[in-house]
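Colleague: So you can see what is in the structure, the chains are spelled out below.
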Amino acid sequence: MSQREGQVAKLARSIGARLILAVNNSGFSLILAWRAARWTFVPSQLWRRRGMILRQMYVAGVESLPVTLIVALFIGFLLSLSAGVELARFGQQAVVGQLVAISVCREFGPFMTGLILAANVGSSMAAELGTMKVSEEIDALEVMSIDPARYLVFPRLLAMLFMTPLLTVFSDAVAIIGGGVIAGTQLNVSWAKYYQNVLEGLKLYHIYTGLLKAVVFGVTIAIVSCSEGLRTKGGAVGVGKATRSSVILCYLLILIFGYFLTALFYGKGSSSL
Amino acid sequence: MSGEHPMFAEPPEPTEPSGPAQPAQPAKPPGSREPAAGDPEDELDALLFAPPRPEGAARPSGSGSVATSGLGATSSGSGSRPAKTSSSGSRAAHKASGSQEAKTATGSRDYSKPSLAASRRFARSKILVRVKNLHKAFGEKKILRGVSFVVHEGETLCIVGGSGTGKSVTLKHVMRLLSPDQGEIWLDGEEITHARGDRLQAARMKLGVNFQFGALLNWLTVYENAALPLRENTNMTEAEIERRVMSKLELLKIPHARDLFPPEISGGMRKRAGLARAVIMEETVKVILYDEPTSGLDPISTALVDEMINEMRERLGLAQIVITHDMASVRRTADSVVVLHEGRIVQYGTPEEIEASSVPYVQQFVSGLTAPPEEAKP
Numbered sequence: 000m001s002q003r004e005g006q007v008a009k010l011a012r013s014i015g016a017r018l019i020l021a022v023n024n025s026g027f028s029l030i031l032a033w034r035a036a037r038w039t040f041v042p043s044q045l046w047r048r049r050g051m052i053l054r055q056m057y058v059a060g061v062e063s064l065p066v067t068l069i070v071a072l073f074i075g076f077l078l079s080l081s082a083g084v085e086l087a088r089f090g091q092q093a094v095v096g097q098l099v100a101i102s103v104c105r106e107f108g109p110f111m112t113g114l115i116l117a118a119n120v121g122s123s124m125a126a127e128l129g130t131m132k133v134s135e136e137i138d139a140l141e142v143m144s145i146d147p148a149r150y151l152v153f154p155r156l157l158a159m160l161f162m163t164p165l166l167t168v169f170s171d172a173v174a175i176i177g178g179g180v181i182a183g184t185q186l187n188v189s190w191a192k193y194y195q196n197v198l199e200g201l202k203l204y205h206i207y208t209g210l211l212k213a214v215v216f217g218v219t220i221a222i223v224s225c226s227e228g229l230r231t232k233g234g235a236v237g238v239g240k241a242t243r244s245s246v247i248l249c250y251l252l253i254l255i256f257g258y259f260l261t262a263l264f265y266g267k268g269s270s271s272l
Numbered sequence: 000m001s002g003e004h005p006m007f008a009e010p011p012e013p014t015e016p017s018g019p020a021q022p023a024q025p026a027k028p029p030g031s032r033e034p035a036a037g038d039p040e041d042e043l044d045a046l047l048f049a050p051p052r053p054e055g056a057a058r059p060s061g062s063g064s065v066a067t068s069g070l071g072a073t074s075s076g077s078g079s080r081p082a083k084t085s086s087s088g089s090r091a092a093h094k095a096s097g098s099q100e101a102k103t104a105t106g107s108r109d110y111s112k113p114s115l116a117a118s119r120r121f122a123r124s125k126i127l128v129r130v131k132n133l134h135k136a137f138g139e140k141k142i143l144r145g146v147s148f149v150v151h152e153g154e155t156l157c158i159v160g161g162s163g164t165g166k167s168v169t170l171k172h173v174m175r176l177l178s179p180d181q182g183e184i185w186l187d188g189e190e191i192t193h194a195r196g197d198r199l200q201a202a203r204m205k206l207g208v209n210f211q212f213g214a215l216l217n218w219l220t221v222y223e224n225a226a227l228p229l230r231e232n233t234n235m236t237e238a239e240i241e242r243r244v245m246s247k248l249e250l251l252k253i254p255h256a257r258d259l260f261p262p263e264i265s266g267g268m269r270k271r272a273g274l275a276r277a278v279i280m281e282e283t284v285k286v287i288l289y290d291e292p293t294s295g296l297d298p299i300s301t302a303l304v305d306e307m308i309n310e311m312r313e314r315l316g317l318a319q320i321v322i323t324h325d326m327a328s329v330r331r332t333a334d335s336v337v338v339l340h341e342g343r344i345v346q347y348g349t350p351e352e353i354e355a356s357s358v359p360y361v362q363q364f365v366s367g368l369t370a371p372p373e374e375a376k377p
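For the record, the sequence lines run as chains A and B. Numbering (numbering that gives the first Met the number 0) for the first sequence: 0 to 272. Numbering (numbering that gives the first Met the number 0) for the second sequence: 0 to 377.
If you are wondering where the hints come from, they were derived from the structure by calculation, not from laboratory data. Watch out, some of these pointers could steer you wrong.
Unchecked claim - Computed cross-link-like contacts, DSS-like style, restricted to lysine-lysine with a CA-CA straight-line distance of at most 27 Å: (1) K171/B with K232/A; (2) K9/A with K240/A; (3) K132/A with K232/A; (4) K285/B with K132/A; (5) K240/A with K171/B; (6) K202/A with K192/A; (7) K140/B with K9/A; (8) K132/A with K171/B; (9) K9/A with K232/A; (10) K140/B with K240/A; (11) K285/B with K171/B; (12) K132/A with K140/B; (13) K285/B with K252/B; (14) K132/A with K205/B; (15) K205/B with K252/B; (16) K9/A with K141/B; (17) K232/A with K140/B; (18) K132/A with K141/B; (19) K141/B with K232/A; (20) K132/A with K240/A; (21) K171/B with K205/B.
To be verified - Covered stretches of chain A, as calculated for chain B (at least 3 residues, CB under 8 Å): (22) 130 to 141; (23) 144 to 156.
To be verified - Away from chain A, derived, C-beta distances all over 12 Å, residues of chain B: (24) A122; (25) E190; (26) E341; (27) G367; (28) T369.
Every value quoted in this text rests on a predicted model; they were computed, and no experiment measured them. Built from N, CA and C at the ideal position, the CB exists for glycine as well.
Chain A with its partners taken away, still in its complex shape:
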C-alpha cells in the first residue's frame, strides 16, 4: 500500500470512528430521553420527585429570568430600530409593530431563550452530572438500583419542558415592549398605533408554533446536557469537556431543529400559511 493510500485509509478510519461515535452518542441520548420521559406519565413519580422538580424549575426559570429579559429587551430594541429605519424610507414605519411581534414570537423568542438556557442551565446540568459521574455518585446510584434517568434526568427534563415555553412567553412580551419603546422614541410611531399594529399582525399560530419550538428546544437542552454529563470521563478535564460539548451541541441542535420546525410550519406547502 502506498503512502497516499495509507493516508486515505487512515482518514476513512477516522471518519468511520467519528460516525460510529456520533451514532452511539445519539442512541445513548435517545434511550436516556425515553427512560426519563416515561416517568412523566406516572403520577406517583411526579409526587415523589416534586421537590427536585420544583428546585430544577427554580434554577431553569427564576434564575434565568433576569438575563433572558435583558436579552429580550435589547432584541426588541434592535429589531425595531433596524427594521423601522428601513421601513421609514418608504414611509411604512407604522408596520414595525407587526414585524417585531411576528419575528419575535415565531423565531427570536424561542431561539434566544433556547440559547440562553443552553448556556446558563444546560452547561450547569452537564457540569453537575459530570462531576457526579467522576466522583462515582452515578455509579453509587446504579449500584443502589436507583435509575439515574429517573432520579436525576426526569426532574430536569420536566423542569425544562415547562420553563422554556414560560420563559419564551416573558421574553416575547418584553421584546415587543422594547420594540414599542424604540418605535415611540426613534420612529415617531405612537404606542397606541404600535400596539394596534401588533394585534393586527400577530396570529395565534405565530404564538403556538413559537411555543412548540420552545418545548422542543427545552427538551433538547435537558437531554443533550444530561447525556453529556452522564458520559463524562476523566476527572476535571472531562467535566470541562462535557460542559463545552453540551453547549456546542445544544446550539447546533437549536439552530437545526429551529430551521426544520420553521420549514414544517411555514415552508412551501405547509397548512399554516
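Dock chain B against the given chain A, drawing on the hints supplied.
Modeller: Same frame as chain A, but now just chain B:
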C-alpha cells in the same frame, strides 16, 4: 435489631472439616444446579479442594488456565459462618496451617490459586461471590488477564496490588458497572455476567458498596443519603426509615452527623456515612464491597475504618471484598488475600501466607521495596 432479619440471627456452630488434609466436600444449597458427571465445575471444585501439587506433578487435565476455584461450593446451611470472629485463635490456627503448607508447597505451586489454608477456612460456607477467569481490555490495553476468586459468607477478601493493577476494575465487574470481555461473575449462586434490566437490579440489591470517597450526594444530608435506598426501593414509612437509618448511624458511631451535608464532614465520617448507606438495605444486602476504604486517612481513622469493616462482618455476617494497598489494614481485616499484579493474581492466600511469601512481587509489595528482592525465588 438482630431479631429483624435472618442476617442477624446467630449462626450455627461451624463444623470443622473431618481431617486437616482432606477437607469435606460441601453440600450443594437448595436450588443450586447439580453438576453432571464430567462437569467442568467439578474439576474446578477439585482444583479448590485439592491439596497443593507436589513438585513436578502434572496439572489436572482439562483445567487449562482457569484459576477459579470453589465453584459450586456451598454451605450446609445458609446461616453457617466460620468462627472468624474469634480473631486471635483463628489467626493462630491460620498461621499453623499456613506454615504447614509452606513446608509442603514447592516451587511448582500455582500461587494464583487459593492456598490450602485459604480454601479450607470457609469451605463449609456458602459462596456468595465467584469471579471466574475474568479478562478485560480497554482498547489495546489489557487490564485483567484471568482473575478468579471466590468469597464466602462471613469472609473478608482483600484485593491488594499496586496502582493500575486492575483492583478497582475487578470490583466494578462485581458491581456489573463493567462487562467482562471474557469470564464469569456469579453472585449468590446466580450468574450475572450478562444480566440486564430487572435481573441486574435484583442482583445489585444484594450488594452494598462503600466507594473510595463515599460517593454521597452533596445536596442531601448524611441522614437523607443513608435513607435514599429505602425511599427509592421500598414502601417503608418515614418512621420505619428513621429507625433503620439511626440504628445504622449509631452502629457506625456517627449519629451526631445526621443533619450535616457531606462537604461539612471529615473524610473518615464520609466513608462511614457511605457504609451506612451501603448496608441500609439489610434485608437484601449479602456482600459489601469497599474501594480503598482507608486511602487518605490518618492512622487513627484508618484503624477506626478497619474496626468498622470487622464489625460489619461480625455483626452482620456479610461477605466482604476490600480493595486496598494498605498492608496494615490487610493484617487487621483480611481472611484471605488476593495479590494482583499486571492484571493477574500473583498470590492467593491467607494474610500470614502473603506476609511470608516467596513470590518476589509479593515480597516487594509487602515490604514496600522499590525493586523485587533479588534472592527471592517463587
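Colleague: Are the Cα positions of K132/A and K141/B separated by 27 Å at most?
Modeller: holds, 24 Å
Colleague: Against the 27 Å threshold, does the CA-CA distance of K171/B and K205/B hold or violate the hint?
Modeller: Holds. K171/B to K205/B sits at ~15 Å (cutoff 27 Å).
Colleague: Straight-line Cα separation of K232/A and K140/B no greater than 27 Å?
Modeller: holds, 17 Å
Colleague: Quickly compare the C-alpha distance for K240/A and K171/B to 27 Å and report which way the hint goes.
Modeller: Distance of about 24 Å is within 27 Å: holds.
Colleague: State whether the coverage of the segment 130 to 141 of chain A by chain B holds or is violated, taking the criterion as 3 or more residues with Cβ-Cβ distances under 8 Å.
Modeller: Since three or more residues must qualify, the claim that chain B covers the segment 130 to 141 of chain A holds, with 7 doing so at under 8 Å.
Colleague: Straight-line Cα separation of K132/A and K205/B no greater than 27 Å?
Modeller: The hint holds at about 22 Å.
Colleague: Quick one, are K285/B and K132/A close enough, alpha carbons at most 27 Å?
Modeller: holds, 26 Å
Colleague: For the pair we were handed, K205/B and K252/B, check the Cα-Cα distance against 27 Å.
Modeller: holds, 24 Å
Colleague: Hey, K9/A versus K232/A, does the alpha-carbon distance stay inside 27 Å?
Modeller: holds, 26 Å
Colleague: Looking at E341/B again, its CB stays over 12 Å from all of chain A?
Modeller: holds, 23 Å
Colleague: Mind checking the alpha carbons of K132/A and K171/B for me, to see if they're no more than 27 Å apart?
Modeller: holds, 14 Å
Colleague: Between the segment 144 to 156 of chain A and chain B, see if three or more residues pass the 8 Å beta-carbon test, and mark the coverage as holds or violated.
Modeller: Held - the segment 144 to 156 of chain A has 3 residues with a Cβ nearer than 8 Å to chain B, which meets the minimum of three.
Going down the numbered hints, you'll see the structure goes against none, and every one checks out.
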